[in-house]
Amino acid sequence: MSEEMWINMGPQHPMTHGLWNLRVRVDGETMTAAEPIVGYLHRGWEKMVENRTYPQIIPLADRLCYGSSFTWSHLYCLAAERVFNIEVPERAQYIRTACIEMQRISSHLMWLAAVGTDLGSYTILLYGMRERELFLDLMVELCGARMTYNYVRIGGVRNDTPPDFERNVTRVLDTFEPRIRDLEALCDECETFRMRTIDIGKINAADAMNLGLTGPSMRASGIDLDLRRHDPYEIYDELDFDVCTHTDGDCYARYRVRMDEMRESVKIIRQCLEKMPKGPTRVKVPRCPPKGTAVARVEDPRGESLMYMVSDGTDKPYRLKVRSPNYVNLSASPAMLLGNKISDVPAIMGVLDMCIGETDR
Amino acid sequence: MDIDLSYQAMTMTAKQFGEMTQNFIRETAVATGAKKAIDKLTAPIWSWGQRNAIYPLHFGIACCALEMAAASAPRWDAERLGLIYRSSPRQSDVLLLNGWISAKMRPTLRRLYEQMPAPKWVVAMGECSVSGGPWYDAYNVIQGVDTFIPVDIYIPGCPPRPDAMIDGFLKLNRKITAENRGRFLDD
Amino acid sequence: MKVIIYDKPDKSEEEVAKAIQSKFPGTVEIVKITPRNIIMKVKREGFLDVCMYMKDEVSFEHNSCVTPVDYLDHFTVVYHISSYANHLMAEVLVDLPRDDPTVDSITPLWGGANWHEREAFDLMGVIFKGHPDLRRIMLPEEYQFHPLRKDFQVGRRV
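Order-wise, the sequence lines are chains A, B and C.
Heads up: the first sequence is residues 191 to 551, going by the numbering used here.
Heads up: the second sequence is residues -8 to 178, going by the numbering used here.
Heads up: the third sequence is residues 8 to 165, going by the numbering used here.
Please note: incorrect hints may appear among the correct ones.
[What the hints assert, rightly or not] Derived DSSO-like pairs: lysine-lysine, alpha-carbon spacing no greater than 30 Å straight-line:
| # | chain 1 | residue 1 | chain 2 | residue 2 |
| --- | --- | --- | --- | --- |
| 1 | C | LYS9 | C | LYS48 |
| 2 | B | LYS31 | B | LYS162 |
| 3 | B | LYS6 | B | LYS26 |
| 4 | C | LYS48 | C | LYS15 |
| 5 | C | LYS157 | A | LYS506 |
| 6 | B | LYS162 | B | LYS27 |
| 7 | C | LYS48 | C | LYS157 |
| 8 | C | LYS39 | A | LYS474 |
| 9 | A | LYS457 | C | LYS9 |
| 10 | C | LYS25 | C | LYS15 |
| 11 | C | LYS48 | A | LYS506 |
| 12 | B | LYS111 | B | LYS162 |
| 13 | A | LYS481 | C | LYS25 |
| 14 | B | LYS31 | B | LYS166 |
| 15 | C | LYS9 | C | LYS30 |
| 16 | C | LYS48 | C | LYS18 |
| 17 | C | LYS30 | C | LYS18 |
| 18 | C | LYS62 | C | LYS39 |
| 19 | A | LYS506 | C | LYS39 |
| 20 | C | LYS15 | A | LYS465 |
| 21 | C | LYS18 | C | LYS39 |
| 22 | A | LYS481 | C | LYS48 |
| 23 | C | LYS9 | C | LYS39 |
| 24 | C | LYS15 | A | LYS392 |
| 25 | A | LYS481 | C | LYS50 |
| 26 | A | LYS457 | C | LYS15 |
| 27 | A | LYS481 | C | LYS39 |
| 28 | A | LYS531 | C | LYS39 |
| 29 | A | LYS481 | C | LYS157 |
| 30 | B | LYS111 | B | LYS31 |
| 31 | C | LYS30 | C | LYS48 |
| 32 | A | LYS481 | A | LYS465 |
| 33 | A | LYS474 | A | LYS506 |
| 34 | B | LYS6 | B | LYS111 |
| 35 | A | LYS392 | C | LYS9 |
| 36 | C | LYS48 | C | LYS136 |
| 37 | A | LYS392 | C | LYS62 |
| 38 | B | LYS166 | B | LYS27 |
Everything labelled a hint here was simulated from the structure, so no lab data went into it.
Keep in mind it's a predicted model, so treat the numbers as computed, not measured.
Pulled out of the complex, with its shape left as it was, chain A reads as follows (with noise of 0.2 Å):
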């Protein structure tokens, strides 16, 4: 004898993170269906910068996702430069790499100080935001701005790094790369974290490449594809680095993958400002990019994010289209939630690191 029900989970609801509603049917205490509602933080971005000249646009890309601006307002950009048909200075080039992986970590903490008070802990909140912090001052020592940072150009980068902030990167690097091991032991050595995590929200390869999953979700479920060695850009081709898998598909995989990518990223870093050239950061821009359409894509924090960009010779856009990765992750997350319990939807949900500005656009 059961009964099923449905039950309502958001647009204000501690596991949400952001506005949006996971409307799950249980029987019992297990889900047999479940349907994301999102639109709540619906503002119609892609109408707005219809209206706006393609300057203008690149602090409103930064908005898109909050948690990692930089990914965004550099997409933009790189979309831009494309319809434009410049080249971007070389030293424009390692230092928005450089930036791209300092906001990957950051990304990434936050990601992890969410899912930690999500699962209970809020020691890993405290000591994953006290790291983030460290990060985020390089960027206002860069830029001024602690999360949305307006510090990408069409054409380069807004300004040159400040004296001694090489030295800067290396010495949080240095403090930061050791404590990753703390960050693990926290999570790994809880019975808790891992009793939550392992076997729950299970997705096989198959499945996440059919349903549209990208980014550290997708190399959980064992398939080895980033594209910044798989299309890369910037100075991806140039750079040293793993693309890290796993091969389990549960919510421990996706944490694994995004624990080990965090260390890549400081290789990354590393190795940015190692080869740093010297020379311009930017490069002048007409007004008005030629007709013709653009594609850009790079690999977000979060996964594949796109940005399609029609240009009818004016110096507005005429089209400009997101793919956001998480709108798609979240679409496939019915497909993790089924047969789990319903307690295991903050586990699932918080690992799949949700952002609805972008999401919702």
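Go by the hints and put chains B and C onto chain A.
Only chains B and C this time, still in chain A's reference frame:
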């Protein structure tokens, strides 16, 4: 109901009797000046309790939610001001709005506000909730939360730093002190 | 379990383009080939067959994005379909007449296209035939307009 009806007390229902007694006590207290004296003593105590244990609703909307999280992290540690986030609107007294409000969210937000018990305050954090901010011409964003719920404190910035958020809550502290709510025999 | 590795591309861009073109000579028109990117135009009628062929024979495993664009006299739906094995992304353009914006849904082939198509329906009003659950996703159900169309004027709404 007034005191003149007291001779009917035997025929009253319990509720009517209760109301009558309450009114009697209130009127006597006001007439004798006891209420004024007690207010002077108790109101500061009430407001001291209210301002030192501000429980905002755990309600992260957008960018500023990360600064809200950073404010409760080790560097700023907002908990020393009594800022403890509660997950249920029934247990919180401050609605901290940190992001843009879309047309789809508006009725839900209004309901959240109605669900919170009085006394309650609303803090609008960030440009989006103050005035619509960068989304001033978006078709789906409400231009400022004060168009549909009353706002006490505005914290401008896009996003404001955690320091600014803490400063906003200190301002709310001062506002609660000045309001001196929670008087004797008042709802 | 083993990790699926895509380290070397199987086929070059030209080979993939030629394979698709020779299979559907009347339907597919290759517009441009750039490194790791193929742009092709596909007629609306044969679109689903082309997609099925791309998925099953040329190993396009992943649907990245579905983008409707309003060109005032017609709609163009742009499908970004990536092939992991061949290290490339195909940009498939399908033109739809403005008075009948209907196209076959590719959700049965790539589950990742599900929400993209719902969003395209919601914001642009393109109808996907065969989609399992074509509802509004971003805007409230009672809205009557499709905001990304060029004839929708943005004003200050409060």
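Results of checking the hints against the structure:
1. For the given pair, C/LYS9 sits about 37 Å from C/LYS48 by alpha-carbon distance, which is inconsistent with the 30 Å threshold.
2. A distance of roughly 23 Å separates the Cα atoms of B/LYS31 and B/LYS162; the hinted pair therefore holds under the 30 Å criterion.
3. Of the pairs offered as hints, the one joining B/LYS6 and B/LYS26 holds, with about 24 Å between alpha carbons and a cut-off of 30 Å not exceeded.
4. A distance of roughly 27 Å separates the Cα atoms of C/LYS48 and C/LYS15; the hinted pair therefore holds under the 30 Å criterion.
5. For a cut-off of 30 Å, the pair hint linking C/LYS157 to A/LYS506 stands: about 14 Å separates their Cα positions.
6. Our distance criterion of 30 Å between C-alpha atoms is met by B/LYS162 and B/LYS27, whose separation comes to about 27 Å.
7. A threshold of 30 Å between alpha carbons decides the hint, and for C/LYS48 with C/LYS157 the separation of about 23 Å falls inside it, so the pair holds.
8. At roughly 28 Å between alpha-carbon atoms, C/LYS39 and A/LYS474 fall within 30 Å of each other, so this suggested pair holds.
9. Distance check on the hinted pair: A/LYS457 and C/LYS9 sit about 26 Å apart at the alpha-carbon level, within 30 Å; holds.
10. For the hint linking C/LYS25 to C/LYS15, the alpha-carbon distance of about 20 Å falls within 30 Å, and the restraint holds.
11. At roughly 25 Å between alpha-carbon atoms, C/LYS48 and A/LYS506 fall within 30 Å of each other, so this suggested pair holds.
12. Simply put, B/LYS111 and B/LYS162 have alpha-carbon atoms about 15 Å apart, close enough for the 30 Å limit, and the pair holds.
13. At roughly 27 Å between alpha-carbon atoms, A/LYS481 and C/LYS25 fall within 30 Å of each other, so this suggested pair holds.
14. The hinted pair formed by B/LYS31 and B/LYS166 meets the criterion: a straight-line CA distance of about 18 Å does not exceed 30 Å.
15. For the hint linking C/LYS9 to C/LYS30, the alpha-carbon distance of about 34 Å lies beyond 30 Å, and the restraint is violated.
16. Only pairs whose Cα atoms come within 30 Å are accepted, and C/LYS48 paired with C/LYS18 is accepted, the gap being roughly 21 Å.
17. Only pairs whose Cα atoms come within 30 Å are accepted, and C/LYS30 paired with C/LYS18 is accepted, the gap being roughly 16 Å.
18. Under the criterion of a C-alpha separation no larger than 30 Å, the hint pairing C/LYS62 with C/LYS39 is consistent with the structure, at around 21 Å.
19. Restraint check: the Cα-Cα separation between A/LYS506 and C/LYS39 comes to about 25 Å, which is no more than 30 Å; the hinted pair holds.
20. About 26 Å separates the Cα atoms of C/LYS15 and A/LYS465, which keeps this hinted pair within 30 Å; it holds.
21. For a cut-off of 30 Å, the pair hint linking C/LYS18 to C/LYS39 stands: about 17 Å separates their Cα positions.
22. Proximity of A/LYS481 to C/LYS48 is assessed by CA-CA distance (about 18 Å); at most 30 Å being required, the pair is judged to hold.
23. A hinted pair counts as satisfied when its Cα atoms are at most 30 Å apart, and C/LYS9 with C/LYS39 does not qualify at roughly 37 Å.
24. Simply put, C/LYS15 and A/LYS392 have alpha-carbon atoms about 28 Å apart, close enough for the 30 Å limit, and the pair holds.
25. With a C-alpha separation of about 23 Å, the suggested pair A/LYS481 and C/LYS50 falls inside the 30 Å cut-off, and the hint holds.
26. The straight-line distance between the Cα atoms of A/LYS457 and C/LYS15 is roughly 24 Å, inside the 30 Å bound, and the hint therefore holds.
27. Between A/LYS481 and C/LYS39 the alpha-carbon distance is near 15 Å, which keeps this suggested pair within the 30 Å criterion.
28. Note on A/LYS531 and C/LYS39: the hinted pairing is violated, with a Cα-Cα distance of about 50 Å set against a maximum of 30 Å.
29. Taking the CA atoms of A/LYS481 and C/LYS157, the gap is about 18 Å. The hint holds against a cut of 30 Å.
30. At most 30 Å may separate the alpha-carbon atoms for a hinted pair to count; B/LYS111 and B/LYS31 meet this at roughly 22 Å.
31. Between C/LYS30 and C/LYS48 the alpha-carbon distance is near 14 Å, which keeps this suggested pair within the 30 Å criterion.
32. Restraint check for A/LYS481 and A/LYS465: the C-alpha separation of about 36 Å exceeds 30 Å, so the hint is violated.
33. Only pairs whose Cα atoms come within 30 Å are accepted, and A/LYS474 paired with A/LYS506 is accepted, the gap being roughly 18 Å.
34. Distance restraint check for B/LYS6 and B/LYS111: the Cα-Cα separation of roughly 29 Å lies within the 30 Å cut-off, and the hinted pair is therefore satisfied.
35. Distance check on the hinted pair: A/LYS392 and C/LYS9 sit about 16 Å apart at the alpha-carbon level, within 30 Å; holds.
36. Taking the CA atoms of C/LYS48 and C/LYS136, the gap is about 20 Å. The hint holds against a cut of 30 Å.
37. The suggested pairing of A/LYS392 with C/LYS62 holds, with an alpha-carbon distance near 25 Å, which does not exceed 30 Å.
38. Of the pairs offered as hints, the one joining B/LYS166 and B/LYS27 holds, with about 21 Å between alpha carbons and a cut-off of 30 Å not exceeded.
Of the numbered hints listed earlier, those contradicted by the structure are 1, 15, 23, 28, 32.
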